[in-house]
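**Q** Chain by chain, the residues run as shown.
Protein chains: 2
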Amino acid sequence: MDYAESKPSQVRELIRNGIIDGPTTGMCNGYAQGNLVILPEELSWDLLLFCQRNPRACPLLEVSDAGSRSFPQTAKGSDITKDIPRYRIYENGICTGESTNISSRFEEYQKTKGRLISFLIGCSFSFEAELLEADIPVRQIEEGVNVPMYNTNIPCISAGVFSGTMVVSMRPIPHSKVPMAVAVTAAMPKVHGAPIHIGYPEFIGIENIKEPDYGDPVTIKEGEVPVFWPCGVTPQAVLMNSRPSFAMTHAPGHMFITDVKNTILKYS
Amino acid sequence: MDYAESKPSQVRELIRNGIIDGPTTGMCNGYAQGNLVILPEELSWDLLLFCQRNPRACPLLEVSDAGSRSFPQTAKGSDITKDIPRYRIYENGICTGESTNISSRFEEYQKTKGRLISFLIGCSFSFEAELLEADIPVRQIEEGVNVPMYNTNIPCISAGVFSGTMVVSMRPIPHSKVPMAVAVTAAMPKVHGAPIHIGYPEFIGIENIKEPDYGDPVTIKEGEVPVFWPCGVTPQAVLMNSRPSFAMTHAPGHMFITDVKNTILKYS
Chain A
1 MDYAESKPSQ VRELIRNGII DGPTTGMCNG YAQGNLVILP EELSWDLLLF
51 CQRNPRACPL LEVSDAGSRS FPQTAKGSDI TKDIPRYRIY ENGICTGEST
101 NISSRFEEYQ KTKGRLISFL IGCSFSFEAE LLEADIPVRQ IEEGVNVPMY
151 NTNIPCISAG VFSGTMVVSM RPIPHSKVPM AVAVTAAMPK VHGAPIHIGY
201 PEFIGIENIK EPDYGDPVTI KEGEVPVFWP CGVTPQAVLM NSRPSFAMTH
251 APGHMFITDV KNTILKYS
Chain B
1 MDYAESKPSQ VRELIRNGII DGPTTGMCNG YAQGNLVILP EELSWDLLLF
51 CQRNPRACPL LEVSDAGSRS FPQTAKGSDI TKDIPRYRIY ENGICTGEST
101 NISSRFEEYQ KTKGRLISFL IGCSFSFEAE LLEADIPVRQ IEEGVNVPMY
151 NTNIPCISAG VFSGTMVVSM RPIPHSKVPM AVAVTAAMPK VHGAPIHIGY
201 PEFIGIENIK EPDYGDPVTI KEGEVPVFWP CGVTPQAVLM NSRPSFAMTH
251 APGHMFITDV KNTILKYS
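Sequences listed follow chains A and B, in order. Using UniProt numbering, the first residue of the first sequence is number 1, and each one after it goes up by one. Using UniProt numbering, the first residue of the second sequence is number 1, and each one after it goes up by one.
In short, the hints are calculated from the structure, not lab data. Note that this is a predicted model, so its numbers are computed, not measured. There could be a bad hint or two in this list.
No copy labels: a pair is met if it fits in one copy or bridges any two.
What the hints assert, rightly or not - List time: in silico SDA-like cross-link candidates among lysine to any residue, alpha-carbon distance up to 25 Å:
no.: 1; residue 1: K76; residue 2: S163
no.: 2; residue 1: K111; residue 2: H197
no.: 3; residue 1: K177; residue 2: A187
no.: 4; residue 1: K113; residue 2: D2
no.: 5; residue 1: K261; residue 2: I157
no.: 6; residue 1: K76; residue 2: P155
no.: 7; residue 1: K113; residue 2: G26
no.: 8; residue 1: K111; residue 2: S70
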């Protein structure tokens, strides 16, 4: 069961009930997936500004009302704290745990410390169904692993306490299909759009393509070129640089699946 | 002198020195123009969230650092308080004056009340050069007046204290060229993108097309269809609904001209 043809609301329910607990790559073809960052209200201005200034890496799909656990525009009836397969909890910038359900942590924080705000940021998993439609292979789906992600030397524009470099995801693409892969993804800017780099990992500060900083390594076949897209793990990485007292995020590759069709997102 | 071929930095200097004081439609072909909203820091979260939730009407080009008078990403060396031909000053939601230079008001407010934050929002003037390139007429340029703008019944998504309906700009387009006008502008989402309505003003709550709520009326010729685009005056209208203690904006049609080429904005 690969859930490629499942409806987002069904998959979110399977996740909520613990039946799905792995990466969401390849699920719910045609629907946008998102990265999650949950922050205390006092840090939210800086993150919202950071996203505005770095739309390639941080295309915002939705920002919650303060204190709310729902994203009414992109996934009615969902619960931000339960509908992602795996979360990470950060205290003072250090990951202090993973969980499949953060609802009690969310409420506990709000009761004792203050309101939280949730950010949903477009994920490149969203465009993979369109790559497949164009007969462009997506290696990590073929190999059943998480997408490889790397820290780079590409600077982001700073905002308040947040500054840092871009995280990218990598897909090996047959060289003859690279231009088409650029064209297909460029049409989808709300889920990272066109690649940020093609072909030379060392130019963007990646030393060893076989050792991703997040996710899993994938095979690069003869005649294939590594192509790099901006990644929604960027705000997590940047966030942790600034050692916020508290934050919760999705675990890399374990995304929030929205009810928004990619085709509609192209024009919104 | 229509300044269509002038560089933005030159035109901004002419504006700063009072030599240009009219609407900026038709100026600096190929460069993005923006709407300005300046607000006290305490209202800025709600406006940033409002823009995120309503990107058709409020596509953000840049948000300043608190207290700063510059937009370093879109117009290096510019001064937000001097480089627009005409500004409006609002107190408790009421327009209490217009001015060609708001630098002293800006500094006075900051000295006595607190920091201000400036929002630059894409303007549909930016895509007019591309319409002209496609042999699509732009009536208010032909007639030498400001673009007609209307209040509508199209709801915006609320954010904090801000809620209201969309303001639109209207251009009459020969019926055979309407599809091309949609395609040309849909490719430019950061400056409002595709039309929001085509052909029937009454469907969107406009009673009298000859009496725009902002700007000037223009001639609609036989065989032409009124086409409506989301307008960056929307945040001003919404803002005033909430009667903020203080705000400053551009005067409708008198925009901030950036150094950012529209072609680059398509891919950023």
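**Q** Compare the structure with each hint and give your call.
**A** The hints, checked one at a time:
Proximity of K76 to S163 under the C-alpha cut-off of 25 Å is restricted to the inter-copy arrangement: shortest distance 20 Å between copies versus 32 Å within a copy. In this homomeric assembly, K111 and H197 never come within 25 Å of each other (Cα to Cα): the closest approach is 44 Å inside a single copy and 46 Å across copies. Within a single copy, K177 and A187 get their C-alpha atoms as close as 16 Å, and across copies as close as 23 Å, so both meet the 25 Å cut-off. Neither within a single protomer nor between protomers do K113 and D2 lie at most 25 Å apart by alpha-carbon distance, with minima of 40 Å and 58 Å respectively.
For the homomeric pair K261 and I157, the shortest alpha-carbon distance between copies (19 Å) is at most 25 Å, but the shortest distance inside one copy (29 Å) is not. Taking identical chains as interchangeable, the C-alpha atoms of K76 and P155 lie at most 25 Å apart only when they sit on different chains, with a minimum of 19 Å there against 35 Å within one chain. For the identical chains of this complex, K113 and G26 are neighbours neither inside a copy (38 Å) nor across copies (52 Å), given an alpha-carbon limit of 25 Å. Taking the shortest alpha-carbon separations for K111 and S70, only the intra-copy value of 18 Å comes in at or below 25 Å, while the best inter-copy value is 40 Å.
Of the numbered hints stated above, those contradicted by the structure are hints 2, 4 and 7, listed in ascending order.
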